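Chemist: What follows is each chain in one-letter form.
There are 2 protein chains.
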Amino acid sequence: MTPSTERAPGTSHRAAPEHANLDEVRLETALLALADPVRQTLVRALAEAGDWERPCGSFDVPVTKATLSRHFAVLREAGLLEQRDAGPRRLNRLRRPEFDARFPGLLALVLAD
Amino acid sequence: MTPSTERAPGTSHRAAPEHANLDEVRLETALLALADPVRQTLVRALAEAGDWERPCGSFDVPVTKATLSRHFAVLREAGLLEQRDAGPRRLNRLRRPEFDARFPGLLALVLAD
DNA sequence: TAGGGTGTTCGCCGACGAGCGAACACCCTG
DNA sequence: CAGGGTGTTCGCTCGTCGGCGAACACCCTA
Chain A
1 MTPSTERAPG
11 TSHRAAPEHA
21 NLDEVRLETA
31 LLALADPVRQ
41 TLVRALAEAG
51 DWERPCGSFD
61 VPVTKATLSR
71 HFAVLREAGL
81 LEQRDAGPRR
91 LNRLRRPEFD
101 ARFPGLLALV
111 LAD
Chain W
1001 MTPSTERAPG
1011 TSHRAAPEHA
1021 NLDEVRLETA
1031 LLALADPVRQ
1041 TLVRALAEAG
1051 DWERPCGSFD
1061 VPVTKATLSR
1071 HFAVLREAGL
1081 LEQRDAGPRR
1091 LNRLRRPEFD
1101 ARFPGLLALV
1111 LAD
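From first to last, the protein sequence lines stand for chains A and W.
Here the working numbering is used: the first residue of the first sequence is 1, the next is one more, and so on.
Here the working numbering is used: the first residue of the second sequence is 1001, the next is one more, and so on.
Rather than coming from a laboratory, the hints here were simulated on the basis of the structure.
Quick caveat, the model's predicted, so the values are computed rather than measured.
Some hints here could point you the wrong way.
Using 25 Å as the maximum straight-line C-alpha spacing, the simulated SDA-like pairs for lysine to any residue come out as follows [stated by the list, open to error]: (1) A:Lys65 <-> A:Gln40; (2) W:Lys1065 <-> W:Gln1083; (3) A:Lys65 <-> W:Glu1028; (4) A:Lys65 <-> A:Arg54; (5) W:Lys1065 <-> W:Ala1049; (6) W:Lys1065 <-> A:Glu28.
Interface residues of chain A toward chain W, partial, derived using beta-carbon atoms under 8 Å [claimed, not checked]: (7) Trp52; (8) Leu91; (9) Pro97; (10) Ala101; (11) Pro104; (12) Leu111.
For glycine and all other residues, C-beta sits at the position ideal for the given N, C-alpha and C.
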């Protein structure tokens, strides 16, 4: 009698990553998240790719996977990233409409740079 | 025969502060400058005041004048601030149109926050 | 010209963030 | 069920940044 624990094929038992509530994200958090050049690279790559297309390890950035994992956490906390587990991989989606609604024009500046 | 060294009354001989060329300001520099809460306070106060209205010492921020001076330098380097000496004081102007042209919408986000 | 007001510069300190390797957890396939 | 692949967490180091006081430079007025 725990139907909520059932899962679709390919779904994970891992603890789902916590995603930020955009209303609670402070401007300072967003600016700091987007100021880092590695995170800018990730955001631009995500914008060019489709949703849920790219797993964490598929980005060409000059850092180890430990550092990369931390960068993804920062982007999540800033409301820029949504993650979903698919088997052993963690797929990513840029939360563009939500983020644009909260901070209009900010993401566009990074993508245009 | 050095007419360029003449000066209007109230004008200073002090070395004028260097102002950034907006074209050369990187997005990262602008984001980092605007991410600091003290600098956000300064920018908002400058936006409410008129150009050349407020000297450096007239802002209500909880830092010493040494730290404040450093914050102004950061804002200058980010292309957000223009300064002019008037007697013993240094008056400030928010470079809003220039900055808006270089980073559309960014300043508005800070002012609206 | 002496002095008070304004702002900058110089060291120094403490906090924070990005970086790494190692260890761990989880998933899928052989 | 053993192992390779993927990603996170932990502890640590190091550089950068914000903060301060002290000293200095400059301007105006008494």
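Chemist: Against each hint, give a clear statement of whether it holds in the structure.
Modeler: For each hint, the structure was consulted:
{"no.": "1", "hint": "A:Lys65 <-> A:Gln40", "verdict": "17 Å, holds"}
{"no.": "2", "hint": "W:Lys1065 <-> W:Gln1083", "verdict": "16 Å, holds"}
{"no.": "3", "hint": "A:Lys65 <-> W:Glu1028", "verdict": "23 Å, holds"}
{"no.": "4", "hint": "A:Lys65 <-> A:Arg54", "verdict": "15 Å, holds"}
{"no.": "5", "hint": "W:Lys1065 <-> W:Ala1049", "verdict": "20 Å, holds"}
{"no.": "6", "hint": "W:Lys1065 <-> A:Glu28", "verdict": "23 Å, holds"}
{"no.": "7", "hint": "Trp52", "verdict": "27 Å, violated"}
{"no.": "8", "hint": "Leu91", "verdict": "27 Å, violated"}
{"no.": "9", "hint": "Pro97", "verdict": "16 Å, violated"}
{"no.": "10", "hint": "Ala101", "verdict": "13 Å, violated"}
{"no.": "11", "hint": "Pro104", "verdict": "7 Å, holds"}
{"no.": "12", "hint": "Leu111", "verdict": "11 Å, violated"}
When each numbered hint is compared with the structure, violations occur for hints 7, 8, 9, 10 and 12.
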